[in-house]
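**Q** Sequence order for the protein chains is A and B. Residue numbers for the first sequence follow the numbering used here, so the first one is 92 and each next one is one higher. Residue numbers for the second sequence follow the numbering used here, so the first one is 1023 and each next one is one higher.
Please note: incorrect hints may appear among the correct ones.
Stated by the list, open to error - Only pairs whose alpha carbons sit at most 30 Å apart, straight line, appear in this in silico DSBU-like list of lysine-lysine:
| id | chain 1 | residue 1 | chain 2 | residue 2 |
| --- | --- | --- | --- | --- |
| 1 | A | 391 | A | 93 |
| 2 | A | 391 | B | 1107 |
| 3 | B | 1107 | A | 357 |
| 4 | A | 357 | A | 316 |
| 5 | A | 391 | A | 357 |
| 6 | A | 94 | A | 316 |
If you are wondering where the hints come from, they were derived from the structure by calculation, not from laboratory data. Predicted model, so just to flag it, every value in this text is computed and none were measured.
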Amino acid sequence: MKKIAALLLIIALLAWPFAVGEFYVNLVSQIFIAAIFAASLNLLVGYGGLPSLGHASFLGVAAYLSALISLRWGLDHSLSAPLALAGTTLMAGLFGLIALRATGLGFLMLTLALSQVLWGTANRWVALTEGDNGLRGLTRPQVFGLNLDDSTTFYFFALVVAAFSFWMIARLVASPFGAALQGTRDQARRMSTLGHNVWLIRWVAFVYAGFWGGVSGLLFVYYHKYIHPASLSLTNSAEAMLSVIAGGAGTLAGPAIGAAIILLLKNYVSAYVERWTMLLGFVFVAIVVFMPDGLVPGVKRLWARWSRR
Amino acid sequence: MQFWVIQTLNSLALGGLLFLLAAGFSLIFGLMRIANLTHGAYYMLGAYIGVSILKVIPNLWVAALLGGLTVAVFGGLVERFILRKLAGNELGQVLVTLGFAYIIADFCLVVWGGDPIPVPTPEGLDSPIEIAGFMFPAYRLAVVAIALATGVALYLLMERTRLGAMIRAGVDDMQMARAVGIPVSRLFTIVFCLGSALAGAGGILGGPIMSAYPGLDFDMLPLALIVVILGGVGSLIGAFVGSFIIGFVYTFGIALFPQFAYVILFLPMIVVIAFRPRGLFGRQVA
């Protein structure tokens, strides 16, 4: 049953660009990007029990680095992409050193404060980032001679990157390290007694999540060919967190489904309702109040009840 | 020389406003373990409501009182009917408070529009005072005085009254406090209302300095967060000291290195976090 569903999903994703118009192709490309971003956050929130409200730092910094390296130094994408990822991962290492001085809500406030510092700097350091105007004139890379400016080509590029990211994240979760990470989430003291270095496990998970957040940031800046401080904002972090919660924290598919829901809401509802910010607020409240453990676990529970009958 | 005097005074005034904001945030966090991300929005809401009250009653102090009360009622309702239901779900509570921050932000945009609204300085405080050859803007001195008075009042409330003793007991050991018959549930609502009122009143008191504008909420929230991380959660003295440190660092950062003001802001936080993860005056680890 599960295999058939997975096969159907793969076929649907491969056939999608040939079945629908450009708008829908681009929409799903954006969902891929948001899904990688949410999945990387889910590593922390769902598997590590580390509620980060500053994950936009990694998306935004990777995007800004890639843009700045291309614009200011004129380097090719084949150099700017690895440099941007390396820079983002390094920053994740530093941020981890600071934020992991605390856990729980303290961790949340530290990640939030750190990301707000970056957001404020992106807004104010106009000489480097153009401030509120954002950086324009960016290009998409050429991958193996393929022109990513074409929306269908970009769709498949994003699909491949997303599939690889999810596979790498799933592998980490299934590995002994992933088991240890979930152990530190559930019983940190016991893990410590068993001889695991709880802090180091969390730090490695933080850096790994930061790296994949950076990957989503690269795709993000390639897709939009433009970058604005809003990508570093609390709203961006919070939307990713909401995706994780809505889909189901600590499940592999949850963040992808949550990201799709949020993005569809944003695209469709904001076309009819002018007040997206207010609606987003109500969505936050509604999801937490009515769907506290997320869609995927909720559906699973219903499924289990139904199949037992 | 005048530059340093003025900036020092600006720092003190910002520190005072931050204290009004951070004290409530810190108390709520300490007692209820809620990171109330609506707090910046309460500050902005207070500023806007104060603006509207000023049109009817042209007295800033009355506006601050009424604005604070209105925000307190709103905060109490949110606590009673939403946050209460999510007890134990820390992350859920954070997201709900953030959701309300967005709702309030957009509500203010609809009602009061997108342009900054200046708040007139109260009469008698609008001209500078001359002390020892330097000109001091009187209103800023008044803000500092109000913050000091509030700090003393809060200190006395916490240390010298029965209510304060119960709140301290709740912060230290919630379960024991419940067991000995302290009405913790009512304390939650009281503290939440008090924190909201301080934030709302702070918003309109800050009006003559900062005016009321969209985005004020998310300009103030990170500052309050850093104050609380620096001072230690649940600590009144921590919030006080942290507020003035951040007031100085931020004001001089903006004046001297405008591009890096946020980066400089973050230095004292790193130093404190590195050596004292619980903050300068925090007792429990956050």
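**Q** Can you list which hints this structure breaks, lowest number first?
**A** 6
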